[in-house]
Each structure stands twice: as structure tokens, then as C-alpha cells.
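Student: For the record, the sequence lines run as chains A and B.
To convert, count from 1 in the first sequence and add 560; that's our numbering.
To convert, count from 1 in the second sequence and add 22; that's our numbering.
These are computed hints drawn from the structure, not numbers from a lab.
Nothing false has been slipped in among the hints.
What follows is a list of derived Cβ distance ranges for each label pair:
1) Ser564(A) x Pro61(B): 46 to 56 Å
2) Gln163(B) x Trp945(A): 35 to 45 Å
3) Leu911(A) x Lys142(B): 47 to 57 Å
4) Ser564(A) x Ser87(B): 25 to 35 Å
5) Asp195(B) x Leu955(A): 30 to 40 Å
6) Ser864(A) x Gln105(B): 29 to 39 Å
7) Val245(B) x Leu955(A): 32 to 42 Å
8) Ser165(B) x Phe907(A): 50 to 60 Å
No residue lacks a Cβ here, since even glycine has one placed at the ideal position from N, Cα and C.
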Amino acid sequence: MLRSTDMIRFSWQVLVRHRFRSGMILLAMALGVASIIVLTALGEGARRYVLGEFSFLGDDVLIMLPGKKETTGGLPPLTGIAARDITLEDAQQLKHRFSGIESIAPIVLGSAEVSFQQRSRNITVLGSTSDLVTIRQLTLARGRNLETIDMGRASDECLLGQTLVEELFGSEPVVGSWVRARDYRCRVVGVIEGRGDAFGMDLSDTLVISVASAQRLFDTPGLFRIIMEIRPGFDMDEAKARILLIMKELHLGEEDVTLISPDALLSTFDNVLTAMTLGVAAIAAISMVVAGVLIMNIMLISVSQRTAEIGLLKALGASARDIQQLFLIESLIMSFAGATLGVMAGFGLVLTGRVLFPEVPFYTPLWALLGALTIAMIAGVGFAWGPAKQASRLLPVAALYQRR
Amino acid sequence: MIKLSDVCKTFYLGDQAVHALDHINLQVEQGEYLSVMGPSGSGKSTLLNMIGLLDRPDSGSYWLSGTETAQLPEVQRAELRSQHIGFVFQAYHLVPRLNARENIELPMMLAGVKPAERRKLAQTVMERLAIGHRAEHLPRQMSGGERQRVAIARAIVRKPTILLADEPTGNLDSHAGEEVMRVLEQLNDEGITLFVVTHDMKLGARAKRHLRMVDGQIDADRVVEGNAIDSLEPAGA
Numbered sequence: 561m562l563r564s565t566d567m568i569r570f571s572w573q574v575l576v577r578h579r580f581r582s583g584m585i586l587l588a589m590a591l592g593v594a595s596i597i598v599l600t601a602l603g604e605g606a607r608r609y610v611l612g613e614f615s616f617l618g619d620d621v622l623i624m625l626p627g628k629k630e631t632t633g634g635l636p637p638l639t640g641i642a643a644r645d646i647t648l649e650d651a652q653q654l655k656h657r658f659s660g661i662e663s664i665a666p667i668v669l670g671s672a673e674v675s676f677q678q679r680s681r682n683i684t685v686l687g688s689t690s691d692l693v694t695i696r697q698l699t700l701a702r703g704r705n706l707e708t709i710d711m712g713r714a715s716d717e718c719l720l721g722q723t724l725v726e727e728l729f730g731s732e733p734v735v736g737s738w739v740r741a742r743d744y745r746c747r748v749v750g751v752i753e754g755r756g757d758a759f760g761m762d763l764s765d766t767l768v769i770s771v772a773s774a775q776r777l778f779d780t781p782g783l784f785r786i787i788m789e790i791r792p793g794f795d796m797d798e799a800k801a802r803i804l805l806i807m808k809e810l811h812l813g814e815e816d817v818t819l820i821s822p823d824a825l826l827s828t829f830d831n832v833l834t835a836m837t838l839g840v841a842a843i844a845a846i847s848m849v850v851a852g853v854l855i856m857n858i859m860l861i862s863v864s865q866r867t868a869e870i871g872l873l874k875a876l877g878a879s880a881r882d883i884q885q886l887f888l889i890e891s892l893i894m895s896f897a898g899a900t901l902g903v904m905a906g907f908g909l910v911l912t913g914r915v916l917f918p919e920v921p922f923y924t925p926l927w928a929l930l931g932a933l934t935i936a937m938i939a940g941v942g943f944a945w946g947p948a949k950q951a952s953r954l955l956p957v958a959a960l961y962q963r964r
Numbered sequence: 023m024i025k026l027s028d029v030c031k032t033f034y035l036g037d038q039a040v041h042a043l044d045h046i047n048l049q050v051e052q053g054e055y056l057s058v059m060g061p062s063g064s065g066k067s068t069l070l071n072m073i074g075l076l077d078r079p080d081s082g083s084y085w086l087s088g089t090e091t092a093q094l095p096e097v098q099r100a101e102l103r104s105q106h107i108g109f110v111f112q113a114y115h116l117v118p119r120l121n122a123r124e125n126i127e128l129p130m131m132l133a134g135v136k137p138a139e140r141r142k143l144a145q146t147v148m149e150r151l152a153i154g155h156r157a158e159h160l161p162r163q164m165s166g167g168e169r170q171r172v173a174i175a176r177a178i179v180r181k182p183t184i185l186l187a188d189e190p191t192g193n194l195d196s197h198a199g200e201e202v203m204r205v206l207e208q209l210n211d212e213g214i215t216l217f218v219v220t221h222d223m224k225l226g227a228r229a230k231r232h233l234r235m236v237d238g239q240i241d242a243d244r245v246v247e248g249n250a251i252d253s254l255e256p257a258g259a
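Put together the whole structure using the sequences plus the hints.
Tutor: Pasting the structure below:
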């Protein structure tokens, strides 16, 4: 029986001696492992990025959109009439009739040219109420929130996003200044801190005014959507049912709105993105199999090149098992070294990605790392098994007296 | 002690059966010096491989110091080989990437001997064969005679009871060949059983027992006193 240290040393000498061959296997293995690490990091990064974008909304928030999104089949509407708008009055009625609503932020969206003195920019104008700040958990860098008034009343107070402030005001004082959007003038009472982002919408480049003013500005009776926060402890399903019922009454018996809860939305995204990560991981795993096949080929060539040596080892007292083990260990050393290189290269790339794109949280999940290493080892040993077996079965005579 | 009884081995070249060993019966006592001669393809090398446990008989039995080996599993045959048999080949068969000492240590490594002990034993054998100064040299840095002496050192370092030499001087000039033969014969004097397979009549005649093989059979088996070349039947008879 060979001592294991001797076995490793012997295999190591073989590998060092055949540098090119070893290098190729090493490269294939390293690429396979690195691609699993990098691809899962991309997938997981995307997942975390999207979840992060939505996480500002608590799980007690409901979003109402105009129109019924049919996802359960059934006949399409025969009337051909567009869905009824959700109006400000609907929002008022909801708040009035259903005590489960803690706060409610109707939203009107439009774009307009906003100017301060000589400077102007074409940006998004968002009409809402002071509740927007609470529901979206926005922080104000300066000033205060919009005044809390009846949502039917137009107000001349507004909030500005930070980018807009920098571009319109520069270093001039903001709070208390008047800005103009078309023929509407409003007084800045506060500045929203950071991006305040959500749904990929960047509030840093936005003017927030009262909803009634926005409806007048854009001349629209309809709301883009309503965001509601349900009172703590209130059952979300019941709240949904109650809200839909009220809307049905308000809309003459027709259920023509859609209610979305962010956690449902999130879990859908989560599922899709997890599936995507698994998908790319599987693709990367295929590259490991390719690496394995390469190992098998190179090992087969190695066996046929080293028949004389194999015969000699047998003549010197090596058993078939010794020979097989020598070949397996050789492959194992290669796989291990290749996998280690791959892990280093993979994490190097992931770290580089984090530096280059700090907003995306690239991250290789532990299962991917362990999976990559396991597959590398299995591919290394599994694909070397056949050639090793073949080597061990070589008749020593045939091997020794082979004409060369 | 070696005993072969009715050992047969047949190879197939396409459809044609070649009886490399055809009912071989042979008994060899410890310490004998045998030469095996005969035309190419007469089964000399097959006989050597059979005795060296590199090959397995199709039928018949082979006792090696009291153990019937024909039916033994491969692991145990390898073990017997490691304990009893030393091989010396015409083409040396040194591992090119290993230096002289590592080549000599190879059978001990395969047997699991500790590194320190291996080194000591290898050193002793190398000094005995006058290649101590070549310990760290690779095979390609050595002459043919030195290579063959490294191969002999490797064959005897485990203190085998049987030394099997297949054309040991075939690749050497007469001077180096003579030196190698002297080393082998000295080992025989110390009690090792020595087989020399050769085409060279002069070389074969040095042995004390001459086997002549034709078509897989032992055609002649003579014990000779002294070194009489004429006691051997002329080749091709």
C-alpha cells in the first residue's frame, strides 16, 4: 500500500512535469467554477436590487390602479369602453367610509416645465398629499412636509427633490422660494432627501404638489393610483375586500379597479429572480461538465501515453488499486487547484463589480459556492474514474513490451 | 522455490491462436542461475512474465514459495511480486522525470516503506553498484551501463528472491554489458535465483542451467558444470 503523502507527491511530480496539460485542465476547471460564482452573483445581485427597490413599502400597504387586471381567464369586456377613472372623490369616500385606512395618498402624475427665476427644467410633477411622505417613509433634508388639508383643496405648497434643487437653485436658499410649473406657482416648503426611490421612479428629480393642484395643472379628473396604508392589526385580506366593495358601490356596481399588495408583488419578483439565478447557475454548471469531459479526454490521453510507466509500476509491485488511486489523486489535485483558482477569480470579479456598480449588491450565495466546489470535485473524480479504471486494467506485460 | 505445472497461455493474433506457453512444467530451486534461449516468439518473455506474476496462466498452476498464484486476486499477486520478484529490462524502464535515487525508491514507495528508511536502503544499494555519485541525476544524464545498474538497484532493493532479466545487456556495449552481467552473477552467488532471457549464445552459456524454448514448449533443459558453450544445442536445430 502506498502512503498517501507519497501518492500526492508522485502525482504532483507528474502534473508539474506535464505543465501544459495540467494548465489546460486547471484553466477549464477554474473557468467553470468562476462562471458559477460570477453568474449567481449577478442573479442574486439583481434579486437583491429589485427587492431593495420595493422594500420601502411596508406589508400593510395597498396600491389601487384603475382598470381590472384579469388574470383568471374569462371573457374580455364586451363594451369596449375604457375602464372608469379613479377619482379624487373615490379616495375621499374610501377614507370616509372605511376606518381601516390609516393614511391615503392619491397620486397624479404628469410632466411639466418647472422654472425658478431664469432656470427651468422639464421634469415629473407628482400630485399627492402629506400622507405620501409617511407611507413612503421619505425623509426631508430640509423644511417640512406639505400641510395636511382636505385632499379636494388645492394648495400652493410643494416639495422638491434634491437633484432638482441643485439644478434649479444651486447655492441659493430653497425653502420659502417660489417655483413655477406652467401657470401654477407654488412655494417650496421642504426638500426630499436622497433618491426617495421606488418602482424605479426617482423622486430626486420630482416636484411634489397637492393632488388637487396637480389635477388642475394637468386637467385630469382621474388618478394615476392610490396608495393606502392600513391600520396596524387590521387583516389585509379583509381590508382588500372592504375596499373593493366600496369601490364597486362607488362605480355603480362594477368592479373596475385592481388592488395590489407589495408583498404579493415582491414574492412574485422574488420567485422570478430566484428562478433566473438558478437558471444561470445551471448554465454555469454545464460549463463544469464541459471541464469534466476535458479532464476525461486528457486523462485518457495520459493513460495511453503512460502505459509503459503503468506497466512498470505494476512490475514493481503496484496493484491495480494503487494505479487507479494514483490517477484519481492526480485528477483530484487538478480539480482542487482549479476550483481554488476559480473561486479566487470569481470573487475577484464579484468584488470588482461591487466597486464599479455600488448600487447593485452583487453577492454569491453560499449554496452556489459550495455547489461549484462540489460539482468541481465530482466532475474531477467522476470523469477521471473511467480513465483511471482503464489504466489499472492495463496488462503489465502489454504495457511494458508495447512497441514505441 | 518455483514450480510450474502444465501452464498454458494462448494469445490471439486476429483469428490465429499463438501458443506462447504450451503445457510448461518447470521446477527451479532457490539460488539457481538459468538462461532462457530460443527463437523470437518462442515464449521466452511470456515465461518470464508468468514467473514474475505479470501474466496469468490460462490453465495450469504456478507455485511460488508454496503459494498457488494462478487463482490469487490481483492485490495479493501484486504483493507477492513486490516481495519476491525483481525485474531488469532491456530498455531499463526508468521513470524519466525521477532521478536515480527516486527511481530506486519507487518499489519501496509502492510498498509503503517510510521515506527515511527508503533513503537509507537506496543509498546502500547504490553504493554497492557504484552509482552512489549518480543519485541526484536524471536517467537521461546517465550512460546506458549506469542506467541499467540503476534498474538493477531498483530490482534488488526490496531483497527479492528471484531476479528476472530480459535481455539485460541488449542495449549496452560489450564492456558495459560485461559489468552488468558480473553484478547479476554476484547477486546470484549471494543466493538470488537468476533468470536471464537472451538471444546471445555466449551470454546464455554463462548460466548453470540452460532452458531452450521452441513454440511455447521447453525443448531442452540442461544443467551444466562449468562454462561450456558447446554443451548447448546449436540454435535452429
